[in-house]
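Undergrad: Residues per chain, in single letters:
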Amino acid sequence: MSADIVLSVRGLETEFQTDDGISKVLHGVSFDVKAGQTIGLVGESGSGKSVTAMSIMGLLPKPYGRVIGGSVNFRGTDLTNLSVNEMHEIRGDRISVIFQDPMTALNPVHTIGRQLVEVLKLHRPELSKKEQQNHAIEMLRKVKIPMPEKRFAEYAHNLSGGMRQRVMIAMALACKPDILICDEPTTALDVTVQASILELMRELQDETGMAMIFITHDLGVVAEICDDVAVMYGGKVVENADIFSIFDNPQHPYTKRLLSLMPNMDDEPKQKIKIAPIDPAEFPEFTGDLGI
Amino acid sequence: MQELLKVEGLKQHFISGKGIFRKGYTIKAVDDVSFSVAEGETLGLVGESGCGKSTLGRTILRLIEPTAGKILFEGEDISACNALQMRQLRREMQIVFQDPLESLNQRHFVGMILEEPFIIHKQGTPAQRKEWVKELLEKVGLPAESVTRYPHEFSGGQRQRIGIARAIALKPKLLICDESVSALDVSIQAQILNLLLDLQQEMNLTMIFISHDLSVVKHISDRVIVMNAGKIVEEGLVKEIYANPQNDYTKRLLDAIPITHPSQRKKRLLANTR
Ligand SMILES: Nc1ncnc2c1ncn2[C@@H]1O[C@H](COP(=O)(O)OP(=O)(O)OP(=O)(O)O)[C@@H](O)[C@H]1O
Ligand SMILES: Nc1ncnc2c1ncn2[C@@H]1O[C@H](COP(=O)(O)OP(=O)(O)OP(=O)(O)O)[C@@H](O)[C@H]1O
Ligand SMILES: [Mg+2]
Ligand SMILES: [Mg+2]
Chain A
1 MSADIVLSVR GLETEFQTDD GISKVLHGVS FDVKAGQTIG LVGESGSGKS
51 VTAMSIMGLL PKPYGRVIGG SVNFRGTDLT NLSVNEMHEI RGDRISVIFQ
101 DPMTALNPVH TIGRQLVEVL KLHRPELSKK EQQNHAIEML RKVKIPMPEK
151 RFAEYAHNLS GGMRQRVMIA MALACKPDIL ICDEPTTALD VTVQASILEL
201 MRELQDETGM AMIFITHDLG VVAEICDDVA VMYGGKVVEN ADIFSIFDNP
251 QHPYTKRLLS LMPNMDDEPK QKIKIAPIDP AEFPEFTGDL GI
Chain B
1 MQELLKVEGL KQHFISGKGI FRKGYTIKAV DDVSFSVAEG ETLGLVGESG
51 CGKSTLGRTI LRLIEPTAGK ILFEGEDISA CNALQMRQLR REMQIVFQDP
101 LESLNQRHFV GMILEEPFII HKQGTPAQRK EWVKELLEKV GLPAESVTRY
151 PHEFSGGQRQ RIGIARAIAL KPKLLICDES VSALDVSIQA QILNLLLDLQ
201 QEMNLTMIFI SHDLSVVKHI SDRVIVMNAG KIVEEGLVKE IYANPQNDYT
251 KRLLDAIPIT HPSQRKKRLL ANTR
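Heads up: the sequence lines are chains A and B, in that order. FYI, the numbering for the first sequence is 1 to 292, going by my numbering. FYI, the numbering for the second sequence is 1 to 274, going by my numbering.
Excised from the complex, chain A in its bound form (with noise of 0.2 Å):
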């Protein structure tokens, strides 16, 4: 199945200056993007995912994060290129993201139904008032906020971890963006709240042919969402393939370790987890700096 490229990410290479010096995060990252398609990113804990969503969306911390090569190629733009204001005004419109951490991107001083609906006076200016204001209780019930007429009025401070990564997930599907970034949009979720969660993005999916970025540690979500996979290891992608060559036959040391360590609901409680050190040498093209 060919689907459009709606996003190619190239070679990319992100670097942070820090007290010790200059740190190189990302040492050329590809992967496209297809619409109407999910592509998964994993990998190790520190290998650059969500320096590389920040780095699609321009969101580095100023000044001393910047990309140092490479191009995101968005409908014929190169991402890297733009001003800040150009840059602005795709983020939300066309590209949105989930954050990892919900309180940095959730303003404290704001109900989260204030800010609901600030981003659809943005993205639906038809609607009316009274509307916008239904519409943002709308979505709050659609990820399983309880009692979201009064939850509309809490501060994210009030809300439990999970209920607040799912204020950040309802505020990125009201703008029916092109395409979603999320890092991991699901890690305070049980698995029934999660279920639902990925019942909606796919209905948006389905119904705008949105495409996603989905990064996860899951690999159950991973197989439950995702059509590609890109296996992250030490700021490089070491493996690109679609879902089921990942699972069924992966070819990266790496990519075969976390299948192997996928954990099983047959386990015997209170055991050691085997695992074996990771051997640099299985690792040839890795040449970072991570120390990791």
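Watch out, some of these pointers could steer you wrong.
Partial selection, computed: residues in chain B whose CB lies under 10 Å from chain A [claimed, not checked]:
#1 F35
#2 G50
#3 Q88
#4 E92
#5 D99
#6 P100
#7 L142
#8 F154
#9 D178
#10 D185
#11 H212
#12 R252
#13 D255
#14 A256
I should point out that these hints are in silico values taken from the structure, not numbers from a laboratory. Every residue gets a Cβ at the ideal spot worked out from N, C-alpha and C, and that includes glycine.
We have chain A already, so just place chain B with the ligands on it with the hints.
TA: Chain B with the ligands alone, transformed into the frame defined by chain A:
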């Protein structure tokens, strides 16, 4: 086995949504909860997002004052402790927060963040403390250079591990882990779970392990509590609950266990639309 922690009729009620013209409403985040944990035992705590797990964890450590109820640690009612006694006790009762940024001082180097507990409790010489910090970093799989970096310079999962390292620094008797491995890839997650099992063996650590991941809970716990809307709805040995859940919510939770291969997708979708 000796009882380490006992909680009796614990309540944590919040008044929310109160404004100049609004009366507000009560959220019973923890509502009459009683249970106990034995020394060296791991108690898994699961339940729907928002059911009160994190609030229960914080209330046990008196980071928020309970609305009602008793918390007994080694038989002593800690609700009666003054601030100084509480500080002493916190050395033995540690929590790894769900949101690591909340608990890590943003303006300190990671080296300082990890050394601070030893300084506060007057342990070791500066050289010894540096050595302990190095060991802690190694245990959670972070490079030694991390000491001169700030928390915001780390990835989500790396921050989680800094939180874990700090919490185990003083070898507490009770460790509450709130979604502490939720952002870790399976290979590092396995390493951390092994570390916790080791600590339990070495120093008879007692744990309350909050997680939405049922396979992880099964792996690490002796006993499980299932919460729903602030109340305990089911409690028992891991084996029994997983094999024979009594409560409706527990059943739904176990039914919704994630798939392990993309070919299982269809089946599940059908099962869900029942
Ligand atoms: N502001 C920064 N300054 C310096 N280094 C940074 C900064 N932000 C991230 N890094 C480093 O970049 C690397 C990649 O981080 P990133 O957050 O992308 O990892 P990740 O793959 O998302 O991991 P996780 O699964 O743990 O969230 C890490 O080694 C991290 O320490
Ligand atoms: N300071 C507060 N003020 C008002 N309500 C609060 C406060 N803290 C928590 N709550 C509410 O208490 C309930 C329980 O929250 P808690 O964070 O304990 O849930 P949780 O079980 O940890 O959920 P999650 O799995 O999503 O982290 C939620 O409805 C939350 O909104
Ligand atoms: Mg990340
Ligand atoms: Mg919580």
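Undergrad: Give a verdict on every hint.
TA: Consistency of the hints with the structure:
| no. | hint | verdict |
| --- | --- | --- |
| 1 | F35 | violated, 19 Å |
| 2 | G50 | holds, 4 Å |
| 3 | Q88 | violated, 29 Å |
| 4 | E92 | violated, 23 Å |
| 5 | D99 | holds, 6 Å |
| 6 | P100 | holds, 9 Å |
| 7 | L142 | holds, 8 Å |
| 8 | F154 | holds, 8 Å |
| 9 | D178 | holds, 8 Å |
| 10 | D185 | holds, 4 Å |
| 11 | H212 | holds, 4 Å |
| 12 | R252 | holds, 6 Å |
| 13 | D255 | holds, 8 Å |
| 14 | A256 | holds, 4 Å |
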